[in-house]
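Protein chains in written order, with this note's numbering: chain D, 4 to 311; chain W, 4 to 311.
Possibly wrong hints are sitting among the right ones.
To be verified - As a list, the in silico DSS-like pairs of lysine-lysine whose alpha-carbon atoms are at most 27 Å apart:
#1 D:K132 to W:K158
#2 W:K132 to D:K58
#3 D:K37 to W:K158
#4 W:K37 to D:K126
#5 W:K91 to D:K126
#6 D:K90 to W:K91
#7 W:K132 to D:K90
#8 D:K126 to W:K14
#9 D:K91 to W:K131
#10 W:K126 to D:K126
#11 W:K37 to D:K131
#12 D:K58 to W:K131
#13 D:K131 to W:K58
#14 W:K126 to D:K90
#15 W:K126 to D:K58
#16 W:K131 to D:K131
#17 D:K131 to D:K91
#18 D:K132 to W:K132
#19 D:K91 to W:K132
#20 W:K126 to D:K91
#21 D:K91 to W:K91
#22 D:K249 to D:K161
#23 D:K158 to D:K90
#24 W:K158 to W:K91
#25 W:K90 to D:K90
#26 D:K132 to W:K37
#27 W:K58 to D:K37
#28 D:K37 to W:K126
#29 W:K90 to W:K37
#30 D:K91 to W:K58
#31 W:K91 to D:K132
Derived from the structure by calculation, the hints contain no laboratory data.
As the structure is a computational prediction, the values presented were derived from the model and not from experiment.
Each chain, written out:
Number of protein chains: 2
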Amino acid sequence: MIQKLIENIRKTNAPIVVGLDPMLDYIPAHIQEKAFAAYGETLAGAAEAVWQFNKGIVDATCDLIPAVKPQIAMYEQFGVEGMAAYKKTVEYCQEKGLVVIGDIKRGDIGSTSAAYAAGHLGKVRVGKKSYASFDADFVTLNPYMGSDGILPFIKTAKEEKKGVFILVKTSNPSSGEFQDRLIDGRPLYEWVGEKVAQWGQEHMGEAYSYVGAVVGATYPEMGKTLRRLMPKAFILVPGYGAQGGKGADLVPFFNEDGLGAIVNSSRGIIAAYRQEKYQNFGPEGYQDAARAAVQEMAADIAGALGRD
Amino acid sequence: MIQKLIENIRKTNAPIVVGLDPMLDYIPAHIQEKAFAAYGETLAGAAEAVWQFNKGIVDATCDLIPAVKPQIAMYEQFGVEGMAAYKKTVEYCQEKGLVVIGDIKRGDIGSTSAAYAAGHLGKVRVGKKSYASFDADFVTLNPYMGSDGILPFIKTAKEEKKGVFILVKTSNPSSGEFQDRLIDGRPLYEWVGEKVAQWGQEHMGEAYSYVGAVVGATYPEMGKTLRRLMPKAFILVPGYGAQGGKGADLVPFFNEDGLGAIVNSSRGIIAAYRQEKYQNFGPEGYQDAARAAVQEMAADIAGALGRD
Chain D
4 MIQKLIENIR
14 KTNAPIVVGL
24 DPMLDYIPAH
34 IQEKAFAAYG
44 ETLAGAAEAV
54 WQFNKGIVDA
64 TCDLIPAVKP
74 QIAMYEQFGV
84 EGMAAYKKTV
94 EYCQEKGLVV
104 IGDIKRGDIG
114 STSAAYAAGH
124 LGKVRVGKKS
134 YASFDADFVT
144 LNPYMGSDGI
154 LPFIKTAKEE
164 KKGVFILVKT
174 SNPSSGEFQD
184 RLIDGRPLYE
194 WVGEKVAQWG
204 QEHMGEAYSY
214 VGAVVGATYP
224 EMGKTLRRLM
234 PKAFILVPGY
244 GAQGGKGADL
254 VPFFNEDGLG
264 AIVNSSRGII
274 AAYRQEKYQN
284 FGPEGYQDAA
294 RAAVQEMAAD
304 IAGALGRD
Chain W
4 MIQKLIENIR
14 KTNAPIVVGL
24 DPMLDYIPAH
34 IQEKAFAAYG
44 ETLAGAAEAV
54 WQFNKGIVDA
64 TCDLIPAVKP
74 QIAMYEQFGV
84 EGMAAYKKTV
94 EYCQEKGLVV
104 IGDIKRGDIG
114 STSAAYAAGH
124 LGKVRVGKKS
134 YASFDADFVT
144 LNPYMGSDGI
154 LPFIKTAKEE
164 KKGVFILVKT
174 SNPSSGEFQD
184 RLIDGRPLYE
194 WVGEKVAQWG
204 QEHMGEAYSY
214 VGAVVGATYP
224 EMGKTLRRLM
234 PKAFILVPGY
244 GAQGGKGADL
254 VPFFNEDGLG
264 AIVNSSRGII
274 AAYRQEKYQN
284 FGPEGYQDAA
294 RAAVQEMAAD
304 IAGALGRD
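One chain only, chain D, in its complex shape (with noise of 0.2 Å):
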């Protein structure tokens, strides 16, 4: 998977990867509906407006992307209903050719941390008889309960050639709390990098790891440093866009053969139609804002990369 990933980079000539975390509050109002006249105001009435808003996404950014991010809080949030949603999401995503990261951020004693990869990367045994309950094609993990918390991961995703993204540095605001501190002159997440680097070595593609990093858009001066540290990981980046990155901070996430990272936006794609640049295609037009969306991010990233 880490070899179609960089593929579909290749091909794509764009490093991104559109998160699908579909609040309601994005979903245009002729979508949601249409999805509660057919289901009323249920949870199933809003699981199918996020997979009819996802589907229109997909439809009309699929050919300019590698991969998609679909992030499960805003499924799991519908309950039982809304994780049907989030599985048909994966599926139809894999379908169209594109690389799917289940959003996740798991992680948990060992015997615990194998359900769970089992249920996102594997194959869970019911009898004689086995199945691929949400089959993403990597997933995010969080890294504080230690090895035996992320190895059973790696085990599934050897035996399936699949991949994993680590949390090292996040984001968000308060990620410092912890992340920043630090223990014998260095911060945290650079050990838990050094961390990721080993564990890479469990599981190797060509050029790259199958088990690779997120380090947040916001941070570029730690992106640099965890670049070093950890050459064969691919580097999920969230943060760009709404949440304040941009191109120009991308660069040091980035390799000399232009590969290595893989840049996220959520919000600023999906509901891009909301941004005042792109309120001419309105509501309705949410597609093709999507996708000029889209269109703009990869011209952005490849100016900084030198590479448009």
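Once you have looked at the hints, place chain W on chain D.
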């Protein structure tokens, strides 16, 4: 809910939480066979087996215990059907008067944590209606992302009079990799513990806060320090029994009032029938084995606390 937890502990004289972590391996053959006969060897069949097994455990132990802790990974691995079994389990336990701690270990950037909080503790809005999706009484959280990943949960918990338990020092063997690293001469878990105490001031009950901590039974010395650092926090203590913790190890987690901690056992209770000492019950008697194991655990803890 912290008041209800305290009342339930007083009523049962057992500061115990039963971990409802039903791996299929733990579920006696007769339950699996019946579920598969009805639904086939499918995810729905697995979910039915999980649910029937849980019901049996709860029916056999609910008068002896104050609370249960379903580990959501064990449900999530069975996909959408598994999540439905989780929800059913939460509801059933609440009907039986138990406090339900959803062991979800979530945590993300602010807007995403708000969605998780709505889905697991609060209500989600759909048009003019609102729904409680998974509706636990407490959830467990991961602190790696700092305050803005935690505060949205506390906000929702306040609105709903519910609570949270935040990972401080986990019970697994590799928990020290990051949690024990020294920052200004003190381990990371102490800094997290101090934050838990601060966050807890936002949402106080009478003697205890609605914001608790997770500290593994396997680390009693650290429990002692953390008990002092977080005097108003209830400590959820995993790692008793199968993970190696014993009654005597638990004393440091309690306050002088005999309260302040609740000890989890999962495998040791729900799969007690597989232990040599309870093997006379057999798989068909798994409920009686679980009840006997709860009674033994309660006596072990009461003895250690000098309350037998």
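A quick look at each hint next to the structure:
{"no.": "1", "hint": "D:K132 to W:K158", "verdict": "violated, 43 Å"}
{"no.": "2", "hint": "W:K132 to D:K58", "verdict": "holds, 25 Å"}
{"no.": "3", "hint": "D:K37 to W:K158", "verdict": "violated, 32 Å"}
{"no.": "4", "hint": "W:K37 to D:K126", "verdict": "holds, 23 Å"}
{"no.": "5", "hint": "W:K91 to D:K126", "verdict": "holds, 23 Å"}
{"no.": "6", "hint": "D:K90 to W:K91", "verdict": "holds, 20 Å"}
{"no.": "7", "hint": "W:K132 to D:K90", "verdict": "holds, 25 Å"}
{"no.": "8", "hint": "D:K126 to W:K14", "verdict": "violated, 43 Å"}
{"no.": "9", "hint": "D:K91 to W:K131", "verdict": "holds, 26 Å"}
{"no.": "10", "hint": "W:K126 to D:K126", "verdict": "violated, 32 Å"}
{"no.": "11", "hint": "W:K37 to D:K131", "verdict": "holds, 15 Å"}
{"no.": "12", "hint": "D:K58 to W:K131", "verdict": "holds, 25 Å"}
{"no.": "13", "hint": "D:K131 to W:K58", "verdict": "holds, 25 Å"}
{"no.": "14", "hint": "W:K126 to D:K90", "verdict": "holds, 22 Å"}
{"no.": "15", "hint": "W:K126 to D:K58", "verdict": "holds, 26 Å"}
{"no.": "16", "hint": "W:K131 to D:K131", "verdict": "violated, 46 Å"}
{"no.": "17", "hint": "D:K131 to D:K91", "verdict": "holds, 25 Å"}
{"no.": "18", "hint": "D:K132 to W:K132", "verdict": "violated, 40 Å"}
{"no.": "19", "hint": "D:K91 to W:K132", "verdict": "holds, 24 Å"}
{"no.": "20", "hint": "W:K126 to D:K91", "verdict": "holds, 23 Å"}
{"no.": "21", "hint": "D:K91 to W:K91", "verdict": "holds, 23 Å"}
{"no.": "22", "hint": "D:K249 to D:K161", "verdict": "violated, 34 Å"}
{"no.": "23", "hint": "D:K158 to D:K90", "verdict": "holds, 22 Å"}
{"no.": "24", "hint": "W:K158 to W:K91", "verdict": "holds, 25 Å"}
{"no.": "25", "hint": "W:K90 to D:K90", "verdict": "holds, 18 Å"}
{"no.": "26", "hint": "D:K132 to W:K37", "verdict": "holds, 16 Å"}
{"no.": "27", "hint": "W:K58 to D:K37", "verdict": "violated, 39 Å"}
{"no.": "28", "hint": "D:K37 to W:K126", "verdict": "holds, 23 Å"}
{"no.": "29", "hint": "W:K90 to W:K37", "verdict": "holds, 21 Å"}
{"no.": "30", "hint": "D:K91 to W:K58", "verdict": "violated, 30 Å"}
{"no.": "31", "hint": "W:K91 to D:K132", "verdict": "holds, 24 Å"}
When held up to the earlier numbered hints, the structure conflicts with 1, 3, 8, 10, 16, 18, 22, 27 and 30 and fits the remainder.
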